[in-house]
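What follows is the residue order along each chain.
There are 2 protein chains.
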Amino acid sequence: MNSSNNLVPVDLIIEARWLCPITPQNTLLEHQAVVIQFGKIIDICAITLANIQYQANEVVQLAEHMLIPGLINLHTHAAMNLMRGLADDLPLMPWLEQHIWPAEKKHVSEDFARDGTLLACAEMLSGGITTFNDMYYFPQAAALAATQAGMRANLGLLVIEFPSAYASDADDYLQKGFIAHDSWRGNALISSSIAPHAPYTVSNKTFESIVTYAEQLGLGIHTHLHETHDEIAQSEEQFGMRPIQRMAQLGLLGPNFVAAHGVHLLNHEIDMLAEYGCHIAHCPTSNLKLASGIAPVAQLLAQGVNVGLGTDGAASNNRLDMFAEMRLGALLAKGTSGDATVVPAHQALEMATINAAKALGMEAKIGSIEIGKLADLTAVKLSDFNTSPCYDPVSHLVYACGREHVTHTWVAGELRYNNGMFANIEPNELKEIINTWQPKLRQHKH
Amino acid sequence: MNSSNNLVPVDLIIEARWLCPITPQNTLLEHQAVVIQFGKIIDICAITLANIQYQANEVVQLAEHMLIPGLINLHTHAAMNLMRGLADDLPLMPWLEQHIWPAEKKHVSEDFARDGTLLACAEMLSGGITTFNDMYYFPQAAALAATQAGMRANLGLLVIEFPSAYASDADDYLQKGFIAHDSWRGNALISSSIAPHAPYTVSNKTFESIVTYAEQLGLGIHTHLHETHDEIAQSEEQFGMRPIQRMAQLGLLGPNFVAAHGVHLLNHEIDMLAEYGCHIAHCPTSNLKLASGIAPVAQLLAQGVNVGLGTDGAASNNRLDMFAEMRLGALLAKGTSGDATVVPAHQALEMATINAAKALGMEAKIGSIEIGKLADLTAVKLSDFNTSPCYDPVSHLVYACGREHVTHTWVAGELRYNNGMFANIEPNELKEIINTWQPKLRQHKH
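Chains A and B are the protein sequences, given in the same order.
Heads up, the first sequence is in my numbering, so the first residue is 3 and it goes up one at a time.
Heads up, the second sequence is in my numbering, so the first residue is 3 and it goes up one at a time.
Pulled out of the complex, with its shape left as it was, chain A reads as follows (with noise of 0.2 angstroms):
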């Protein structure tokens, strides 16, 4: 065969047992390898030709596993790892005003939110997650943490009326996401969206500066969208129309909008999403556990909304674990439908990655295993006792496997998690978080 002289120098060949490239849809390749130069996939073929063509610094064999595109958390509040359990077993609103608000004002400063996001960020890359969509205060600090752990985040520059220790009214929480936003161009992980809290938290008159502000940065929108009855109800009251009515009329319904939760939405405002080109970050977990409700997710894909999936944050969820957000997205859609057959495990799979690339307007790099995307992937391994035997290995990764099966982690060729260690976080570095908030926070235990 060839000589060594006519191999292609790369950094990193990942041989792997299966691949599931999400693109093209329902494909399951095996013994396939993918070849990755500066960060990015420059091949993916057969193991065999692989090794006839290219001299790789490093080649990783995963024999019994399956790879898949990095996870992509399209909800989250990464910094409230610090208040997971804080004060569960209570509704939406008595959660927020008792417990979660009270805490928050007391303690959260850029440490808190540099810290939980930490925290978070280790909790996420063990269990094959390599992208966040973030909401919270002081993203500059969440910025650190995730540009330390190696993860890609989309953080929401967050705007609401009331003032905390981040700002002081909504025009100062714009400014210093502005600040923000600048402050990490040229970081490759870092991007970001305006991220006013919800219809109830902010203003009209800061909607129509957010849609101006979106348009000339051209950003993405993220908010927290018709979570509950309760919120409808007021916006009734208030403004004489739903939320989502509101968000229209504001003129923030675009293919840039990211609506967290949609739990409760009429026909024709499933409609109105598909027109807009709206996505949807579904939050099974949350929902569930808030008692807000059951989003309509099989309804909302066969009316072509774009659906994504998320986890919430820690304290409404408890768990960043896009493998339980799987497992429950598909299960519940199916239960609530009435239809076994609806999210399928490679949709399930699909809400998971290609989904919410595309609701993050990131599809161009992230969300599949296709030639010329940045290489965010995640080896998760099939041959445990309790994923076996093993007769459609999809299957087995949405409904039988757990995170615990994760393996490696991968950002841009770099790998970020392996088998219980993190390569730019310490396990001391955890401890003395942990020690640090858990005293302060105790308090505002429920």
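For the record, the hints were derived by calculation from the structure and aren't laboratory data.
Misleading hints may appear alongside valid ones.
One copy or two, either will do: identical chains are not told apart, so a pair holds if it fits within one copy or between any two.
To be verified - When the alpha-carbon atoms are kept at most 27 angstroms apart in a straight line, the in silico DSSO-like pairs for lysine-lysine are as follows: (1) K433 with K108; (2) K383 with K442; (3) K447 with K383; (4) K207 with K178; (5) K383 with K42; (6) K108 with K442.
Please read these numbers as outputs of a predicted model, since none were measured by experiment.
Since the structure of chain A is provided, determine the placement of chain B on it from the hints.
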């Protein structure tokens, strides 16, 4: 203090950072020692006190763990682990008729039942389950597997009208069941229920015999009931009444009656279940996955029906994971009732322990950590960065932990699972089982 001569010799002391005894309700103890002699719990006291009272052959220190009663899986078909993922994303009847039943018809044997059950025992023990309530062909083979694994099993003496490799007709099923039942007298780990498969597969005549036998032998009855709308419609057509009414007329309902599923129940039917003292084995994952629906757990509990949790078989779940069922059981009850306070964490844990023990008539022996009960115990590590900080350990156990946090599983004071290793199951034995059956069953793949 005392000299060592005054210390009471015992087999085992487990020292736990946290102890959730289940009984009394809503209790969490700290720094407790559980003292075990001859497989039973003989004392529960402060660690400091245990050290001056007892001399143990073995002391296990769990400085970062919660000790809970061994979990009880109230409805499963353990041998079906061999068919996990064989036919997913299908409704109940095509799933059964086109995939599961043909595969069973061709392959089910004594070896199949033993091998599949051993694989399931490994999965269950590693997830902190110490007892399972089973229903499958060849219960004597399941008994062999459970006995080897050292797990407690209440095995259904399966009765169904159609012939199989196991038995030819209902009478033959019953006779074979009683022979099996007799054969495991003296085996402390194994007990029996009579297990008519379902109202749609068992005749009135057979049900009547079963009532008589159950009374004569003092056995429980374990069946599927009101799992799907189709089952109910078919019964209305064939018998002119809903299945539960038929069960009542045939004299099956009573405190020894465990109905798996109970997805579709009218208010007066729930009252009837409560009045007769029947038990529901709620299988939330399986019911969603087969699109059967969502059982009215909040109403069942409110109207006084005892509800335990089950995984169902691995072909419809696809994890025999009681942590997943606790979490989903709690979440679904909140999400569907609109009340986030329904099924709080402690109650979810009760459903997986003492409620299931009551359903099996075993509440004097298992289901809680109390003096005099068998030492069926599970240790769950709470110091992982994914479960820290920790404000409410029981909430973490249900909402944040997964079975991957289980470190030790004891049955009657014997350590059966510890950090990836089994006392009586060799990894190679599981591999051989997988390699034997996977090629045979693959042809029935969806």
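For each hint, the structure was consulted:
Proximity of K433 and K108 under a CA criterion of 27 angstroms is satisfied intra-copy only: 22 angstroms inside one chain copy versus 54 angstroms between copies. Taking the shortest Cα distances, K383 and K442 sit within 27 angstroms of each other only across copies (23 angstroms), while inside one copy they are farther apart (39 angstroms). Taking the shortest Cα distances, K447 and K383 sit within 27 angstroms of each other only across copies (21 angstroms), while inside one copy they are farther apart (37 angstroms). Only within a single protomer do K207 and K178 lie at most 27 angstroms apart by alpha-carbon distance; the minimum there is 18 angstroms, versus 77 angstroms between protomers.
Taking the closest pair of Cα atoms, K383 and K42 come within 27 angstroms of each other only inside a single copy of the chain (23 angstroms); across copies the shortest separation is 39 angstroms, beyond that limit. When the C-alpha separation of K108 and K442 is checked against a cutoff of 27 angstroms, the pair qualifies only within one copy, where the shortest distance is 10 angstroms, while the shortest distance between copies is 62 angstroms.
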